[in-house]
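Colleague: Numbering (our numbering), first residue to last: 1 to 258.
Heads up, some of the hints might be wrong.
[What the hints assert, rightly or not] Taking lysine-lysine and the DSBU-like style, the derived pairs with C-alpha atoms no more than 35 Å apart in a straight line are:
no., residue 1, residue 2
1, K99, K239
2, K239, K203
3, K114, K84
4, K239, K114
5, K203, K36
6, K203, K84
7, K244, K203
8, K59, K244
9, K85, K196
10, K178, K36
11, K84, K36
Because the hints were derived from the structure by calculation, they are not lab data.
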Amino acid sequence: MNDITDVSGFMIDMDGTVYKGGSAIPGAQDFIKRVKHRNIPFVFLTNNSSSDREHYFNKLIKMGFDVSIDDILTSTAATIRYIKKYHSGGTVYPVGTPKFVKEVENAGITTDDKDPDIVLLSFDTSITYEKMNNAYQFLMNGAEFIATHPDDLCPTEDGYDIDIGPFIRFFESMTGTKATVIGKPNPLMAEMAADKMNVPKEKMVMIGDRIYTDMRLAENSNIRSIMVLSGEAKRSDLKDPGVKVTMVVDSVDELLRN
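Kindly produce the complete structure, drawing on both the sequences and the hints.
Modeller: This is the structure we're talking about:
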């Protein structure tokens with residue numbers, strides 16, 4: 001991976017890879033500058049569906065990253081694309097933040113709190129018992145179950161917060177309904193990134209801090225991967241025989257320095 005001349009584009013995770021909480025990881029802004037200097041296309045991928053692209057764009061700009069809003073691809077965008085392609089005309093009961101619900105509705109998807117076709121679960125930092133119970137009732141009545149991503153934890157400056165994963169397992173165990181999970185490591189995210197950058201998917205490289213999402217996405221998409229140790233991942237995670245990692249670095253600041 002020291003020779004990146006055959007890399008068509010980078011898919012770059014955000015939480016734990018270029019920032020943690022509200023603070024940039026040291027050297028991450030300079031890494032993005034090096035990527036842009038070499039004219040390598042890139043796209044930020046995030047599974048965090050609690051906010052929209054504008055939120056992440058403003059966050060990156062505030063931390064000093066030279067990026068545009070078009071450089072960001074969220075699991076919400078991928079999920080919307082999936083629903084419109086495979087459940088066209090279907091109604092959804094969204095379990096999510098107001099920003100998430102607004103993004104879904106603005107995409108032309110009809111929400112329904114009476115008899116939806118789909119229960120759509122996101123990283124809902126405003127979750128209530130009423131939402132959980134409604135989702136349970138709808139799933140028991142035969143609604144499809146779709147989740148934006150599988151992450152168990154969300155990185156913060158001080159540690160980690162509970163993410164969507166435990167809620168997916170809760171609803172699956174309570175209703176017997178298996179969730180369709182759209183975000184990383186679903187190869188759909190890599191396909192969307194390749195389309196967005198207009199590059200051949202097979203020569204992209206995934207950079208991230210999680211084995212079960214970022215590295216698994218690379219494995220599922222048959223592309224190379226760089227695991228950073230600035231977030232959740234530890235070197236001991238490499239013992240997982242199901243995932244191959246091309247390269248391990250302490251942080252993105254080590255990349256493209258030659």
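Colleague: Each hint needs a verdict: does it hold in this structure or not?
Modeller: Going down the list of hints, with the structure as the test:
Taking the CA atoms of K99 and K239, the gap is about 38 Å. The hint is violated against a cut of 35 Å. Between K239 and K203 the CA atoms are separated by roughly 25 Å; this keeps the pair inside 35 Å, and the hint holds. In summary, the hint linking K114 to K84 is supported, as the alpha carbons are separated by about 20 Å, within the 35 Å threshold. As the CA atoms of K239 and K114 are separated by approximately 46 Å, the hinted pair breaks the 35 Å bound.
For the hint pairing K203 with K36, the CA-to-CA distance comes to about 17 Å; that is within 35 Å, so the pair holds. Pair hint K203 plus K84 holds up; C-alpha atoms about 28 Å apart against a cutoff of 35 Å. Taking the CA atoms of K244 and K203, the gap is about 16 Å. The hint holds against a cut of 35 Å. Restraint check: the Cα-Cα separation between K59 and K244 comes to about 32 Å, which is no more than 35 Å; the hinted pair holds.
As the CA atoms of K85 and K196 are separated by approximately 17 Å, the hinted pair is consistent with the 35 Å bound. Between the alpha carbons of K178 and K36 the distance comes to roughly 41 Å, so the proposed pair goes past 35 Å and is violated. Between K84 and K36 the CA atoms are separated by roughly 33 Å; this keeps the pair inside 35 Å, and the hint holds.
Checked against the numbered hints above, the structure breaks hints 1, 4 and 10 and satisfies the rest.
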